[in-house]
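2 protein chains.
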Amino acid sequence: MIGVFDSGVGGLTVVKEIFKYFPQEKVFYFGDTLHLPYGTKSEKTIKNYSEKIVSWFQKENINLIIIACNTASSWAEEYLKNKFKDIYIFGMIEPTVKEVARIYKDKKIKKIGVIGTSGTIKSRVYEKKLLEINKNFKIYSKSCPLFVSLIEEGLIKDKITKEVALKYLKPLKEKNIDALILGCTHYPLIKDLIYEILGENILIINPAEALIRELKLFFENNKQIKNKKEKNHKFFFSDVPYNFEKIKNFCFNKKININFEIKNPFNEKII
Amino acid sequence: MIGVFDSGVGGLTVVKEIFKYFPQEKVFYFGDTLHLPYGTKSEKTIKNYSEKIVSWFQKENINLIIIACNTASSWAEEYLKNKFKDIYIFGMIEPTVKEVARIYKDKKIKKIGVIGTSGTIKSRVYEKKLLEINKNFKIYSKSCPLFVSLIEEGLIKDKITKEVALKYLKPLKEKNIDALILGCTHYPLIKDLIYEILGENILIINPAEALIRELKLFFENNKQIKNKKEKNHKFFFSDVPYNFEKIKNFCFNKKININFEIKNPFNEKII
Numbered sequence: 000m001i002g003v004f005d006s007g008v009g010g011l012t013v014v015k016e017i018f019k020y021f022p023q024e025k026v027f028y029f030g031d032t033l034h035l036p037y038g039t040k041s042e043k044t045i046k047n048y049s050e051k052i053v054s055w056f057q058k059e060n061i062n063l064i065i066i067a068c069n070t071a072s073s074w075a076e077e078y079l080k081n082k083f084k085d086i087y088i089f090g091m092i093e094p095t096v097k098e099v100a101r102i103y104k105d106k107k108i109k110k111i112g113v114i115g116t117s118g119t120i121k122s123r124v125y126e127k128k129l130l131e132i133n134k135n136f137k138i139y140s141k142s143c144p145l146f147v148s149l150i151e152e153g154l155i156k157d158k159i160t161k162e163v164a165l166k167y168l169k170p171l172k173e174k175n176i177d178a179l180i181l182g183c184t185h186y187p188l189i190k191d192l193i194y195e196i197l198g199e200n201i202l203i204i205n206p207a208e209a210l211i212r213e214l215k216l217f218f219e220n221n222k223q224i225k226n227k228k229e230k231n232h233k234f235f236f237s238d239v240p241y242n243f244e245k246i247k248n249f250c251f252n253k254k255i256n257i258n259f260e261i262k263n264p265f266n267e268k269i270i
Numbered sequence: 000m001i002g003v004f005d006s007g008v009g010g011l012t013v014v015k016e017i018f019k020y021f022p023q024e025k026v027f028y029f030g031d032t033l034h035l036p037y038g039t040k041s042e043k044t045i046k047n048y049s050e051k052i053v054s055w056f057q058k059e060n061i062n063l064i065i066i067a068c069n070t071a072s073s074w075a076e077e078y079l080k081n082k083f084k085d086i087y088i089f090g091m092i093e094p095t096v097k098e099v100a101r102i103y104k105d106k107k108i109k110k111i112g113v114i115g116t117s118g119t120i121k122s123r124v125y126e127k128k129l130l131e132i133n134k135n136f137k138i139y140s141k142s143c144p145l146f147v148s149l150i151e152e153g154l155i156k157d158k159i160t161k162e163v164a165l166k167y168l169k170p171l172k173e174k175n176i177d178a179l180i181l182g183c184t185h186y187p188l189i190k191d192l193i194y195e196i197l198g199e200n201i202l203i204i205n206p207a208e209a210l211i212r213e214l215k216l217f218f219e220n221n222k223q224i225k226n227k228k229e230k231n232h233k234f235f236f237s238d239v240p241y242n243f244e245k246i247k248n249f250c251f252n253k254k255i256n257i258n259f260e261i262k263n264p265f266n267e268k269i270i
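Protein sequences appear in the order of chains A and B. So in numbering that gives the first Met the number 0, spot 41 of the first sequence is number 40, and the numbers just go up one at a time. So in numbering that gives the first Met the number 0, spot 131 of the second sequence is number 130, and the numbers just go up one at a time.
A couple of the hints might just be wrong.
Pair ranges (Cβ atoms, derived) [said to hold, decoys possible]:
| no. | chain 1 | residue 1 | chain 2 | residue 2 | range |
| --- | --- | --- | --- | --- | --- |
| 1 | B | 191 | A | 123 | 35 to 45 Å |
| 2 | A | 244 | B | 100 | 30 to 40 Å |
| 3 | B | 244 | A | 175 | 31 to 41 Å |
To list a few chain B residues with every Cβ distance to chain A over 10 Å, as calculated [stated by the list, open to error]:
| no. | residue |
| --- | --- |
| 4 | 36 |
| 5 | 44 |
| 6 | 78 |
| 7 | 102 |
| 8 | 103 |
| 9 | 107 |
| 10 | 110 |
| 11 | 128 |
| 12 | 162 |
| 13 | 173 |
| 14 | 199 |
| 15 | 218 |
| 16 | 232 |
| 17 | 233 |
Pairs of lysine to aspartate or glutamate residues, derived as EDC-like cross-links and limited to a Cα-Cα distance of at most 16 Å, are as follows [claimed, not checked]:
| no. | chain 1 | residue 1 | chain 2 | residue 2 |
| --- | --- | --- | --- | --- |
| 18 | B | 97 | B | 126 |
| 19 | B | 262 | A | 157 |
| 20 | A | 225 | A | 59 |
| 21 | A | 190 | A | 162 |
| 22 | B | 104 | B | 177 |
| 23 | A | 15 | A | 208 |
| 24 | A | 141 | B | 152 |
| 25 | A | 127 | A | 173 |
| 26 | A | 109 | A | 59 |
| 27 | A | 43 | B | 24 |
| 28 | A | 97 | A | 131 |
| 29 | B | 141 | A | 208 |
| 30 | B | 156 | A | 162 |
| 31 | A | 262 | A | 59 |
| 32 | B | 19 | B | 267 |
| 33 | B | 215 | B | 24 |
| 34 | A | 51 | B | 267 |
| 35 | A | 158 | B | 162 |
| 36 | B | 46 | A | 267 |
| 37 | A | 166 | B | 85 |
| 38 | B | 128 | B | 98 |
| 39 | B | 262 | A | 267 |
| 40 | B | 166 | A | 157 |
Hints are computed from structural coordinates only; laboratory data are not their basis. Don't be surprised by glycine CBs; every beta carbon is placed ideally from N, CA and C.
Given these sequences and hints, build the entire structure.
Next comes the structure, spelled out in structure tokens:
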């Protein structure tokens, strides 16, 4: 069983890849809809929520956990890995940076765009990690805070989303970037639009796909790990998810049935 | 001292009116930026947060409290009034409905539009309360979930916001509504745009202004109430507010200085 958490429903784009590449694995999913969005909240807050979620997963005996949210990964991936050394934690940043290193191993100058929530961009984690592997990279980061709302409203094909995308991507297009990291779980849902604006020659890097490669390697190298076995996937949200059916159908293209429970693992009291 | 709470910074549009009409009063403001937005969360969650905030205000000896958030008012105004009978609680709904009753006291058929967050519209509270005062009203409700994000991104004058507004307001324009209730604290910031789309003849009802009338009446009728006296306004947010300066400057037109503290009154533990 693979634990996956996200601030909401966006992590389903990661689940989609897990279903595709590891059909034998069951997923234990938690979307923190009670506290979403993570993208505009502070580092301290995101670390705090993420730590609580991982603690809860640990209590549920899940020892392989994916931080499907890029904002949580940006602020808390290293923090959680240091804090929970006896479980396996994968964020979105490290696999993505490794993927870029693999693609551009000749270490030539490359212009790489990164788009994400305000939190992800503000953290500058992608930027720092990418420059660590290759100082010749030119990194152009752009926060795209409206994308999540537009996608969650189901306006994926709407001209308004196209206008917003044109506005956000203009500075990256002008820089003639070679590759673009989709640093938010929602963005793969507007990949076609991004290609349309930036051209088919751009290399689009989807962190979910980079993560799959890391997971494959991990399973190959850790054949003996004791991973909790369950018969069914489990999906939990801390509050009723907004527009769940819409996003689910976008994620999985065809309609699949996902049963979920509302479960709030946080006990909130006034001090 | 008047307690004011909101899910975030939108309640500053209410504070602006309080500053204007009750310059002698000090404001104790809490924006629950840790949990925002309220607009897409469930009734249960909003009741829960609102109750905790009012409990905290009560501990701070504040006995006059304004629920500046329309979503919190929609789900929890009556609930909080019933729960905290020994303090004075004002939401946005009741004053607004009274205002409409006052304006349209001849009880003729009138077409009234209501715009708000998904939560406010889903609650149907405005609709129900308006029909209670006049069965001849025709109510046309429309949730406008992207407005808050667009405003918080500072895109008030952007053509994208205009396009979104055209899309949202089209069905209301087609119904030829007589009046429109701005059922979200952010919306007064795009009042000019709404006039531009719906025409200058529309009657725009700003709940913050309706609230001021109620408060004036309240102070006239309750001259003896023991209201906590403080020298300074106090502003608190439960997490670092996103784009605070931008919204603050929009709200107050001219630049005024607002010092705030980050204070999280919620003690959140994993169960």
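Now the hints, each set against the structure:
1. B:191 / A:123: 35 to 45 Å: At 37 Å between Cβs, range holds.
2. A:244 / B:100: 30 to 40 Å: Distance hint for residue 244 of chain A, residue 100 of chain B holds at roughly 38 Å.
3. B:244 / A:175: 31 to 41 Å: 33 Å, holds
4. 36: 8 Å, violated
5. 44: 5 Å, violated
6. 78: 17 Å, holds
7. 102: 32 Å, holds
8. 103: 33 Å, holds
9. 107: 36 Å, holds
10. 110: Answer for residue 110 of chain B: holds, closest chain A Cβ roughly 26 Å.
11. 128: Answer for residue 128 of chain B: holds, closest chain A Cβ roughly 24 Å.
12. 162: 5 Å, violated
13. 173: 19 Å, holds
14. 199: 26 Å, holds
15. 218: It holds; residue 218 of chain B is separated from chain A by about 29 Å at its closest Cβ, greater than 10 Å.
16. 232: Nearest chain A Cβ is 22 Å from residue 232 of chain B, so the label holds.
17. 233: 17 Å, holds
18. B:97 / B:126: Holds. Residue 97 of chain B to residue 126 of chain B sits at ~13 Å (cutoff 16 Å).
19. B:262 / A:157: Roughly 40 Å separates the two Cα atoms, so the pair is violated.
20. A:225 / A:59: 14 Å, holds
21. A:190 / A:162: Within the cut-off at roughly 15 Å; holds.
22. B:104 / B:177: 14 Å, holds
23. A:15 / A:208: 10 Å, holds
24. A:141 / B:152: 14 Å, holds
25. A:127 / A:173: 22 Å, violated
26. A:109 / A:59: 43 Å, violated
27. A:43 / B:24: Between residue 43 of chain A and residue 24 of chain B the Cα gap is close to 34 Å, so the pair fails against 16 Å, i.e. violated.
28. A:97 / A:131: Given that 16 Å is the threshold and the Cα spacing comes to 11 Å, the pair holds.
29. B:141 / A:208: The hint is violated at about 39 Å.
30. B:156 / A:162: 15 Å, holds
31. A:262 / A:59: Holds, at about 13 Å.
32. B:19 / B:267: 37 Å, violated
33. B:215 / B:24: 12 Å, holds
34. A:51 / B:267: Judged against 16 Å, a Cα distance of about 9 Å means the pair holds.
35. A:158 / B:162: Holds: residue 158 of chain A and residue 162 of chain B sit about 9 Å apart, inside 16 Å.
36. B:46 / A:267: 13 Å, holds
37. A:166 / B:85: 52 Å, violated
38. B:128 / B:98: Roughly 12 Å separates the two Cα atoms, so the pair holds.
39. B:262 / A:267: 15 Å, holds
40. B:166 / A:157: 11 Å, holds
Checked against the numbered hints given earlier, this structure breaks hints 4, 5, 12, 19, 25, 26, 27, 29, 32 and 37; the rest are met.
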